[in-house]
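S.K.: Protein chains in written order, with our numbering: chain B, 1 to 209; chain L, 1 to 209.
Derived by calculation from the structure, the hints in this document are not laboratory data.
Don't take every hint at face value.
When chains are identical, the list treats them as one kind, so a pair holds in a single copy or across two.
Mimicking DSSO-like on lysine-lysine, the simulated pairs with C-alpha atoms at most 30 Å apart in a straight line are [to be verified]:
1. K2 x K179
2. K41 x K156
3. K156 x K38
4. K158 x K113
5. K156 x K167
6. K41 x K200
7. K2 x K85
8. K113 x K85
9. K36 x K156
10. K113 x K179
11. K116 x K156
12. K179 x K116
13. K200 x K179
There are 2 protein chains.
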Amino acid sequence: MKHAMIIGATGGIGSALVAALQSDYSLMMVGRDSQKLKSLKEQYGGSIIPCDVSNELEVQALFQESPPLDLLIYSAGAVDPTLIKVTPAASWEEVMDANVTGVFYSLKHAEAKLNKARVFVIGARPELVNYRGFAAYAAAKAAVQRLLAIAAIEMKRKAEFTLVLPKAVNSAFWQNVGKVPQDALEPSFVASAIIESLNKEAVSELRVG
Amino acid sequence: MKHAMIIGATGGIGSALVAALQSDYSLMMVGRDSQKLKSLKEQYGGSIIPCDVSNELEVQALFQESPPLDLLIYSAGAVDPTLIKVTPAASWEEVMDANVTGVFYSLKHAEAKLNKARVFVIGARPELVNYRGFAAYAAAKAAVQRLLAIAAIEMKRKAEFTLVLPKAVNSAFWQNVGKVPQDALEPSFVASAIIESLNKEAVSELRVG
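Bound conformation, chain B alone (with noise of 0.2 Å):
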């Protein structure tokens, strides 16, 4: 059976994606929450790791007890819409962290298990996060763009890289943002455009919606 590791998997698109992968994965869920990992091995099995992304120790062993990956997706993410003067550097850092820095901790630690691996990360598109007080989110979502890009160029013997831009989702994002736009994408509709993106050649960019 071919292995996954859904890294933030007890988010909406990461839920999703357990509940559309298991069947044909050996599932690694990944995520802060142990009671919400709890949820999905009951409903779905697969096994389950709590990680703090933004620890590179404790991504550091995820990867050194992974068997070798046919597939990474990394759906954590963070949001806290503050104005530039005053946000605090906390609140930078953790947007940061978990949009970002969680990533290169994650690609750097992956970089021995992916054997012609497919790897998706979440993106945003800039135009979708250009106001006022998104200057850590969308900072950070452009930097994983280029991030991934560069893994690709890296590891390009090791893996192919996708990051998924999709519009707006109906997930946890908007509860620290405001009310969800009444065209938001279902989570489920974010996951079958991946599963369906994970069955063809890959592209660099996956746009959803």
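Knowing the structure of chain B, use the given hints to seat chain L on it.
M.R.: Leaving out everything else, chain L in the frame of chain B:
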């Protein structure tokens, strides 16, 4: 006399800016290297303030002591080419700190001192840094581009923001990278382009070379 602050005044572009601006501005020259700052002061006058931009308290103090600014230029930066799979967290952090987190701290604390000011930040063209080893640098420079775009929205009554996108520049950057490209711009050329732009209507991006 108008007031200008140059963060990263001891670097190639920073020093060229000091030379070019000293006759028209009361200059605050900011950097980490006290010896180099002293040399600049001996040569050009102005005031010098040692500051590590990765330390928010130092950046905060810097702007608390500053008069209202007509011009703020951020030309600090760091590069440390290394493959993702062997990049130490400290290297990633240093590059992110110098190229984007330091800009965040600066904009956050500068905000109260910007008064119809012009703000310039040195960026990098994505296509010029899309190479193996440049993940952190490319990520940081992409991040600062979005940070500046959102600062321009949030602080539009305070300042106009320009991201400077030069071709390769003949500067200390190459000490950690390799041979200076034959067609590299001289720092004074970039400084002249910034000053020319300063005397015209603000643009959000200034390509040089």
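S.K.: Each of the hints needs a verdict: does it hold here or not?
M.R.: Outcome of the hint check:
With identical chains, the CA atoms of K2 and K179 are never at most 30 Å apart, being 39 Å at best within one copy and 45 Å at best between copies. Within a single copy, K41 and K156 get their C-alpha atoms no closer than 33 Å, and across copies no closer than 49 Å, so neither meets the 30 Å cut-off. Taking identical chains as interchangeable, the C-alpha atoms of K156 and K38 are never at most 30 Å apart, the minima being 35 Å within one chain and 47 Å between chains. For a Cα distance limit of 30 Å, the shortest separation of K158 from K113 inside one copy, 9 Å, qualifies, whereas the shortest one across copies, 49 Å, does not.
Proximity of K156 to K167 under the C-alpha cut-off of 30 Å is found in both arrangements, the shortest distances being 28 Å within a copy and 27 Å between copies. Only within a single protomer do K41 and K200 lie at most 30 Å apart by alpha-carbon distance; the minimum there is 28 Å, versus 61 Å between protomers. With identical chains, the CA atoms of K2 and K85 are at most 30 Å apart between copies only, with a shortest distance of 24 Å across copies and 48 Å within one. In this assembly of identical chains, the alpha carbons of K113 and K85 lie at most 30 Å apart only when taken from different copies (11 Å versus 42 Å within one copy).
Taking the closest pair of Cα atoms, K36 and K156 never come within 30 Å of each other, the shortest separation being 34 Å inside a single copy and 42 Å across copies. Proximity of K113 and K179 under a CA criterion of 30 Å is satisfied in neither setting, with 40 Å inside one chain copy and 34 Å between copies. When the C-alpha separation of K116 and K156 is checked against a cutoff of 30 Å, the pair qualifies only within one copy, where the shortest distance is 9 Å, while the shortest distance between copies is 48 Å. For a Cα distance limit of 30 Å, the shortest separation of K179 from K116 qualifies neither inside one copy, at 40 Å, nor across copies, at 34 Å.
For a Cα distance limit of 30 Å, the shortest separation of K200 from K179 qualifies neither inside one copy, at 35 Å, nor across copies, at 41 Å.
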